[in-house]
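Participant: So you can see what is in the structure, the chains are spelled out below.
Protein chains: 2
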Amino acid sequence: MTTLEFSLPVQALIPRVEECMRSQANGYRPELRIALDQLIKAGGKRIRPTVTLLTSALLGVDQERAITLGAAVELLHTATLVHDDLIDGALTRRGNPTVNAQWDSSATILAGDFLFSQAAYLAAEVGSIDVMRMFAKTLSTIVNGEISQAFSLNTFTQVDDYYERIYAKTASMFELAARAPAYIVGAEEEISAALLTYGYEIGMAFQIVDDILDFSSDSATIGKPVTNDLSNGLLTLPIFLYAKENESDSLVLKAIEGEQLSEDEIQNLIANVRNSNAIAESLEQANEHQENARKAIKDFPEQTEKEALLGLADYVSARLL
Amino acid sequence: MTTLEFSLPVQALIPRVEECMRSQANGYRPELRIALDQLIKAGGKRIRPTVTLLTSALLGVDQERAITLGAAVELLHTATLVHDDLIDGALTRRGNPTVNAQWDSSATILAGDFLFSQAAYLAAEVGSIDVMRMFAKTLSTIVNGEISQAFSLNTFTQVDDYYERIYAKTASMFELAARAPAYIVGAEEEISAALLTYGYEIGMAFQIVDDILDFSSDSATIGKPVTNDLSNGLLTLPIFLYAKENESDSLVLKAIEGEQLSEDEIQNLIANVRNSNAIAESLEQANEHQENARKAIKDFPEQTEKEALLGLADYVSARLL
Numbered sequence: 641m642t643t644l645e646f647s648l649p650v651q652a653l654i655p656r657v658e659e660c661m662r663s664q665a666n667g668y669r670p671e672l673r674i675a676l677d678q679l680i681k682a683g684g685k686r687i688r689p690t691v692t693l694l695t696s697a698l699l700g701v702d703q704e705r706a707i708t709l710g711a712a713v714e715l716l717h718t719a720t721l722v723h724d725d726l727i728d729g730a731l732t733r734r735g736n737p738t739v740n741a742q743w744d745s746s747a748t749i750l751a752g753d754f755l756f757s758q759a760a761y762l763a764a765e766v767g768s769i770d771v772m773r774m775f776a777k778t779l780s781t782i783v784n785g786e787i788s789q790a791f792s793l794n795t796f797t798q799v800d801d802y803y804e805r806i807y808a809k810t811a812s813m814f815e816l817a818a819r820a821p822a823y824i825v826g827a828e829e830e831i832s833a834a835l836l837t838y839g840y841e842i843g844m845a846f847q848i849v850d851d852i853l854d855f856s857s858d859s860a861t862i863g864k865p866v867t868n869d870l871s872n873g874l875l876t877l878p879i880f881l882y883a884k885e886n887e888s889d890s891l892v893l894k895a896i897e898g899e900q901l902s903e904d905e906i907q908n909l910i911a912n913v914r915n916s917n918a919i920a921e922s923l924e925q926a927n928e929h930q931e932n933a934r935k936a937i938k939d940f941p942e943q944t945e946k947e948a949l950l951g952l953a954d955y956v957s958a959r960l961l
Numbered sequence: 641m642t643t644l645e646f647s648l649p650v651q652a653l654i655p656r657v658e659e660c661m662r663s664q665a666n667g668y669r670p671e672l673r674i675a676l677d678q679l680i681k682a683g684g685k686r687i688r689p690t691v692t693l694l695t696s697a698l699l700g701v702d703q704e705r706a707i708t709l710g711a712a713v714e715l716l717h718t719a720t721l722v723h724d725d726l727i728d729g730a731l732t733r734r735g736n737p738t739v740n741a742q743w744d745s746s747a748t749i750l751a752g753d754f755l756f757s758q759a760a761y762l763a764a765e766v767g768s769i770d771v772m773r774m775f776a777k778t779l780s781t782i783v784n785g786e787i788s789q790a791f792s793l794n795t796f797t798q799v800d801d802y803y804e805r806i807y808a809k810t811a812s813m814f815e816l817a818a819r820a821p822a823y824i825v826g827a828e829e830e831i832s833a834a835l836l837t838y839g840y841e842i843g844m845a846f847q848i849v850d851d852i853l854d855f856s857s858d859s860a861t862i863g864k865p866v867t868n869d870l871s872n873g874l875l876t877l878p879i880f881l882y883a884k885e886n887e888s889d890s891l892v893l894k895a896i897e898g899e900q901l902s903e904d905e906i907q908n909l910i911a912n913v914r915n916s917n918a919i920a921e922s923l924e925q926a927n928e929h930q931e932n933a934r935k936a937i938k939d940f941p942e943q944t945e946k947e948a949l950l951g952l953a954d955y956v957s958a959r960l961l
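Sequences listed follow chains A and B, in order. Here the first sequence is numbered in my numbering, starting from 641 and rising by one per residue. Here the second sequence is numbered in my numbering, starting from 641 and rising by one per residue.
Any given hint might turn out to be false.
Rough simulated footprint, nothing fancy, chain B against chain A, three-plus residues with beta-carbon under 8 Å [stated by the list, open to error]:
(1) 737-749
(2) 753-761
(3) 836-843
(4) 913-920
Just so you know, these hints were derived from the structure itself, not from any lab. Cβ atoms here follow ideal geometry from the backbone N, Cα and C, with glycine treated the same way.
All chains, full assembly: derive it from the sequences and hints.
Facilitator: Right, here's the structure in full:
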C-alpha cells in the first residue's frame, strides 16, 4: 500500500471536511477567516479526520455527521497547535508561517480560543452528548499534559512520564477520532472499546515515530524547522532507550538529570543516539503499537474501510522509509 | 431590596456551584487545582450562576442540573477572565493576584484552555445539545468581540461599535445564563425568548454601569486597579455621549480619532466627562435596559424567583449608589 493509499475510500470527503472547517469563520471577524483559511491551506495529512471518516463509514454513520465530526476533530487539533506554536515560539509549521509569526500573542491566544469554541460548536452539531463529553475530556487531557510539561520541563526522568506525555499529546486525540463515531450509532461496547484501542495504539505509534524522525530528519522531511526536542529540554523515547544501555555516557546522564546541554553536547548526544540501537528499538515499540492497532480491529467484517484502517496502521512507520 | 438580596432564594446553592467548579480539577495536575482554588476563592458576586439558578428554579429544572449548568457558566466566564487578564497584563483582580501574575504566559494560556475544556465538559453533563450549542456560540461571540478589540483598538469611533462590543463581552454570557435552563425543560418559545431578552438587557445594563464606574470609582470600590479604560485606548459610553454634546472639545476628538492621549490629557478628559451630563445619560441608558429586563419577565407567574430576578435588575444600577 503506497503512502496515503489508506485514505482512498474517504478521500473525496476530505475537501468537504475542510469546507466545513472553513465555514466556521462565517459571520465572524475577517481576520479570523484569514487565519482559518491559512491554517487549512497549510494542510497536513488530515489523518485524524480520515480515521473518523473511516470508522464512521465502517459503522454506518451518515455522511453529513461523519464530515461534521471529522471537522470538529481536526479543528480541535488545529486549535491546540495554534496555542502550542505560540508557547513554543515556533514561527513555521510545515513550511508555513504560524499564526504567532504573523499576529501578536494576544490575537494568537484569541484565535486559538475561537477555534476551540467553533470546534465545540461542531461537536455539538453532531448531536451526541457522549461525543461532546469525550470531546471536552480529550481537550482536558491534552492541556493537562502540556501543563505537566510547562511545570516539569527537565524533570521528566522516567520513560513512563514519556508514555504519559505522548498519550496526552497525541494518542488521546486519536482515541477521540476513532471512537466518537461509535457513540453516534450507539455501537456495542465491544466495538466501541476496539475502536478506542485502535485509536490509542495508532496515536502512540504515530508519536513515537514522530519522535524518531526528530533524530533523523531534516527540515524538508518533516516540514518543521530542525530544532531537536533535546534543544528544548524534551526527552523522548530514543534518549531513554539509549540511556538504559549507555549508563556511563555522561551526556545522557546530564540530559536526564535536567541539566542544560550546550549546542555541541546536544549534537554529540544526537549523533551517539543515532549510532546506537535506540532508534531501532524505538521503532520496534512503534511497530508493536501498530500491530496492536491492527489486532484491535481484526474481527471487524471485511470492508474497504477496514482494509484502509489496517493500511493506516502500516503507514505510521512507513513514514520512516 | 438590599444589595444581593435577590440571591436569597438560591443562596444556599452557590457553595454547591463552587464545589462543582472546584471538582473539575480532580484527577489533573496539582497546579491546576491550586489555580482553580485561587480563582474560586477570589470570588465575585456569582451573578451569572445566580441568574441560571433563579431561571432554573422558575422553570422547574432539577437542582442538580441547575447547579451543573451554573458551574459551567461561571467556569466559562472564569476561563475568559484568565486569558483576558493575560492579554491586558492585569496583575490583580478584585484585589487578588491574577494567574498571569503568578505563572508565565505559557502556563496561563494552558490554564485558561483547561478551564474552557472543563466548562465544556460541565455543559455536556447538563445533557442538552441545545445548551451545548449555545454555550459554544457564546464563547465564539465573546472571543470574536475581543478579536475586534485586538485589531481595532482606537478605531472604534461609533457608539454602535460600543454596543456591539459590550454585547459580545458581557450581555452574550448573561443571555446564556438566563436562557439555557429553558432549553433543558424544552420551554415554550415565548418563555425562552423572554429569558433571552432578560439576559440580554441585564447584561447590557451591567456593562454600562461597569463602564460608568470606571469614571467614578477608585480601586477600593470596584476591586480593580484604577486604570481608566481611556488609558487603554478604550472608548466607552460616557465618552461617546460627552462627545456628542461637546463637539468642540479637542481632547475628546483626539480620543475618538484614535490618537494617544497623554496622562494629563486623559485626566482632564475624565474630569470633563464627570462634570458633564454624560454620566447621568449613560445611567439613563442602563436604567432603560433594566426596565426592559423587568418587562421581559413581567407576565411570568408570581414566584419568589421572579421577584428575585426583578430585584437583580434593580441591583445592577444600585451598584452606583
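Participant: Work down the list of hints and note, for each, if the structure agrees.
Facilitator: Consistency of the hints with the structure:
Using a Cβ-Cβ cut-off of 8 Å, 5 residues of the region 737-749 of chain A lie near chain B, which meets the minimum of three, so the contact claim holds. Counting residues of the region 753-761 of chain A whose beta carbon lies closer than 8 Å to any beta carbon of chain B gives 7, which meets the minimum of three for the stated coverage. As drawn, the region 836-843 of chain A meets chain B at 0 residues by the rule of a beta-carbon pair under 8 Å; below three, the given contact is violated. Requiring three or more residues with a Cβ within less than 8 Å of a Cβ of chain B, the coverage given for the region 913-920 of chain A is violated, as only 0 such residues are present.
When each numbered hint is compared with the structure, violations occur for hints 3, 4.
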